[in-house]
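Fit chain E to the supplied structure of chain R, relying on the hints for placement.
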Amino acid sequence: MAAGIEIDHIPGSSRKAAFRRLTAIMRKEFLHIQRDPRTLLIIFILPIVMMLLFGYAVRLDVKNISLAVADRDNSAESRQLIRAFEQSGYYHITRVEHGDWDAHDIFLSGEAVAVLSVPVDYGRSLSEASPRPVQFMTDAAESNTATIAAQYAQQIVLQHTLATWDSMGLGHGRSGVGIRSVILFNPELESTFNIVPGLVAVLFMMACALLTSVTIVREKETGTLEQILVSPVNVGEIIIGKVLPYVILSSLLGILVVVFSMHHFHVPFEGRPVELALFSLVYLLCALSFGILISTKARTMQVALMIALISTMLPSVMLSGFIFPIASMPAPIQLITRLVPARYYLVIIRGIMLKGATMSDLQEPLIALGIFAFVVLTVSVKRFRASLE
Amino acid sequence: MAQKPVDILAVGLQKQYGDIRALQGIDLSVTHGERFGLIGPDGAGKTTLIRVLCGLIRQDKGTFQVAGLDGMRSIRTIKSILGYMPQKFSLYPDLTVGENLRFFADLFHVIGAQRQSREERLLHFSRLGPFWKRRAGALSGGMKQKLALSCALIHTPAILILDEPTTGVDPVSRREFWEILRELSDRDGTTILVSTPYMDEATRCHRVGFMNEGRLLATDTPDNLIHGYPYRVIQVHGENLFPFRKALETIPGVRSVCALGEYLRVSTEKTDAVVHAIGDRLTHAGATGFRIRTVAPLLEDMFVNLLESGRVS
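For the protein sequence lines, the chains are R and E, in the order given.
All the letters of the first sequence, read from the start, carry residue numbers 1 to 389 under the numbering used here.
All the letters of the second sequence, read from the start, carry residue numbers 390 to 702 under the numbering used here.
Just so you know, these hints were derived from the structure itself, not from any lab.
Check before you lean on any hint, since a few could be wrong.
[As the list claims (entries may be wrong)] Mimicking SDA-like on lysine to any residue, the simulated pairs with C-alpha atoms at most 25 Å apart in a straight line are:
(1) E:Lys477 x R:Leu31
(2) R:Lys16 x E:Lys522
(3) E:Lys450 x E:Tyr406
(4) E:Lys522 x R:Arg27
(5) E:Lys522 x R:Thr296
(6) E:Lys477 x R:Gly241
(7) R:Lys220 x E:Arg465
(8) R:Lys220 x E:Ser418
(9) R:Lys63 x R:Met262
(10) R:Lys382 x E:Ile446
(11) E:Lys522 x R:Lys382
(12) R:Lys297 x E:Gln405
(13) E:Lys477 x R:Asn234
(14) E:Lys522 x R:Arg218
(15) R:Lys220 x E:Gly531
(16) E:Lys635 x E:Glu602
(17) R:Lys220 x E:Arg680
(18) R:Lys220 x E:Met532
(19) E:Lys477 x R:Thr296
(20) R:Lys220 x E:Asp483
(21) E:Lys393 x E:Tyr406
(22) R:Lys382 x E:Arg447
(23) R:Lys16 x E:Met532
(24) R:Lys382 x E:Arg465
[To be verified] Computed beta-carbon distance windows for the label pairs:
(25) R:Lys297 x E:Gly526: 23 to 29 Å
(26) E:Gly650 x R:Lys297: 47 to 53 Å
(27) R:Val235 x E:Gln405: 57 to 63 Å
[Claimed, not checked] Heads up, incomplete: computed chain R residues facing chain E, CB under 8 Å, no partners named:
(28) Arg15
(29) Ala17
(30) Leu31
(31) His32
(32) Arg35
(33) Asp36
(34) Gly223
(35) Thr224
(36) Gln227
(37) Ile228
(38) Leu229
(39) Val230
(40) Ser231
We put the beta carbon where it would ideally sit given N, CA and C, even for glycine.
Chain R with its partners taken away, still in its complex shape (with noise of 0.2 Å):
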């Protein structure tokens, strides 16, 4: 049979072409972004608010903390240790007293939330073997502030202690001298540090797989999706041009959020940014992976929304060791962390930029991340080619 139409060239059958389609998704994929000012403000203004809450609301750090002394020694031993509380810069001393006193009634009061109280006799012990200890109360409603309190005491003492036998020519072999902890990375223990690593990750998450799946899913809602399949568009184009966007969105956004916390937070960046930016390039690959299983997943851009902010945003925060760490979390929670992406990205970029750990550092995390990223894609790739029928 002779058919009507003489095919003397296919429309898209060039490169060129091809590379033409891939563009026009992609243009019409920011116009979208654009359009939706909605969206950009998601993406902008979230990660800006929660680093400016984390930086200076949230502190995970303790400042200030208000002491009591009772100085019941009151040598000038005594009141160099008092002094040494109060230069450390952790603590701000409500008042000093001589005698004795209920530390019960001060926490009551609220005028204190620790008490240090300094035997009699303090100054004249130091030289001995086994020096009086001092003690040091602390008012444990607000557990996380008790617990940072009594390690700085602890440090503060001990260095006074130390610094004492130096100035008498002591020292070196003596016993009495409990563990010695440094901190190391992070000596100031900046909750800053930590939180603009975690940060990033969420916000990558965010940024590509919630917005990877809405696009998508809007795409099939509007039956857009339907009218250029019937055009020499493939699967393969139709996905990069439209999540290629976010991730260029997203990579800006990395950048800004960590120039920023560089110069308003002074976090500090040990590593070699290229291989933070390539390591980064897996996990957003990742991200967007769940975002297209997602969207073949949902029918409205709500539950879509819905699905991605439960499946990969929180665990991106609670069960990534972002905020709680993930070594005081039950066994059972432990494993489950290991399905999160976040949790290996968090060491990859904490690692470089606070420790300025290289490759050879990272394997461990990023190969779990590779392997994470070749499935989710895989089958997600699948899922999608599937769900257009």
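Structure of chain E alone, referenced to chain R:
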């Protein structure tokens, strides 16, 4: 006269969704330059058939060809040369008229001077020129459909497939839209396969295929289909005839009685005796001042008949 080539050919197409047999063996051929209308009730399988032909879903059994290309082996080429307009408005509502057109031009690699001239032509016939910068979502129903058609035509496809393009569009816009379709096939020789729920639109096609429950029950020109109607249609005009409806149904030779506002529409065997019997029965029952008129059957009558005879068998 030389046989016109076949642009769309389907042989024994079957498609099943769970227990629902959406297509139960469709044979169809649409020749070059033809306007072919697919008509049938909701759920007849029209959309499924169209989606198979566009390569959006895969049939379970059967084969098809579009422009002489095999539907299984060359589906990507088919997708590239077809113009397709889905049932639902499927453009980007947040993009402007111009941005939508340009996007589809890019997808089909229509560029440079060619794009310029085609855009101008499409804007001319659709009269969307003044709305170039308006967002598609803010257009009226009729204008939306014309924009969708323009986007489907940007690569000047030789074959155009439309799924209920005028559903939800006002009558004036509907007429305009069909005028464009008529020009496309009569002047440019575009082959058009269009599904529609409207009988008056079906009569604007060269040939009509009537679908029900996944089967193509009849395919012919509208005239031939109407001439093939085996019964006579009469209309009884008068006041307050509605109560007499039941009385007429029992007359031997009366097939069906339909009350349509001012009159009763009765389809009967082709004998004069039945017409007399109807007059007698009405007089006997107490009706006065009525007039009986024989009228030409409509496509609709034919399809109701096809549906009923299908149900009996």
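To see whether the hints hold, each was checked on the structure:
| no. | hint | in the structure |
| --- | --- | --- |
| 1 | E:Lys477 x R:Leu31 | 22 Å, holds |
| 2 | R:Lys16 x E:Lys522 | 28 Å, violated |
| 3 | E:Lys450 x E:Tyr406 | 13 Å, holds |
| 4 | E:Lys522 x R:Arg27 | 17 Å, holds |
| 5 | E:Lys522 x R:Thr296 | 33 Å, violated |
| 6 | E:Lys477 x R:Gly241 | 24 Å, holds |
| 7 | R:Lys220 x E:Arg465 | 20 Å, holds |
| 8 | R:Lys220 x E:Ser418 | 31 Å, violated |
| 9 | R:Lys63 x R:Met262 | 21 Å, holds |
| 10 | R:Lys382 x E:Ile446 | 16 Å, holds |
| 11 | E:Lys522 x R:Lys382 | 38 Å, violated |
| 12 | R:Lys297 x E:Gln405 | 22 Å, holds |
| 13 | E:Lys477 x R:Asn234 | 22 Å, holds |
| 14 | E:Lys522 x R:Arg218 | 22 Å, holds |
| 15 | R:Lys220 x E:Gly531 | 23 Å, holds |
| 16 | E:Lys635 x E:Glu602 | 30 Å, violated |
| 17 | R:Lys220 x E:Arg680 | 56 Å, violated |
| 18 | R:Lys220 x E:Met532 | 22 Å, holds |
| 19 | E:Lys477 x R:Thr296 | 20 Å, holds |
| 20 | R:Lys220 x E:Asp483 | 15 Å, holds |
| 21 | E:Lys393 x E:Tyr406 | 35 Å, violated |
| 22 | R:Lys382 x E:Arg447 | 16 Å, holds |
| 23 | R:Lys16 x E:Met532 | 33 Å, violated |
| 24 | R:Lys382 x E:Arg465 | 18 Å, holds |
| 25 | R:Lys297 x E:Gly526: 23 to 29 Å | 27 Å, holds |
| 26 | E:Gly650 x R:Lys297: 47 to 53 Å | 50 Å, holds |
| 27 | R:Val235 x E:Gln405: 57 to 63 Å | 24 Å, violated |
| 28 | Arg15 | 11 Å, violated |
| 29 | Ala17 | 4 Å, holds |
| 30 | Leu31 | 6 Å, holds |
| 31 | His32 | 6 Å, holds |
| 32 | Arg35 | 4 Å, holds |
| 33 | Asp36 | 7 Å, holds |
| 34 | Gly223 | 4 Å, holds |
| 35 | Thr224 | 5 Å, holds |
| 36 | Gln227 | 4 Å, holds |
| 37 | Ile228 | 6 Å, holds |
| 38 | Leu229 | 6 Å, holds |
| 39 | Val230 | 4 Å, holds |
| 40 | Ser231 | 5 Å, holds |
Checked against the numbered hints above, the structure breaks hints 2, 5, 8, 11, 16, 17, 21, 23, 27 and 28 and satisfies the rest.
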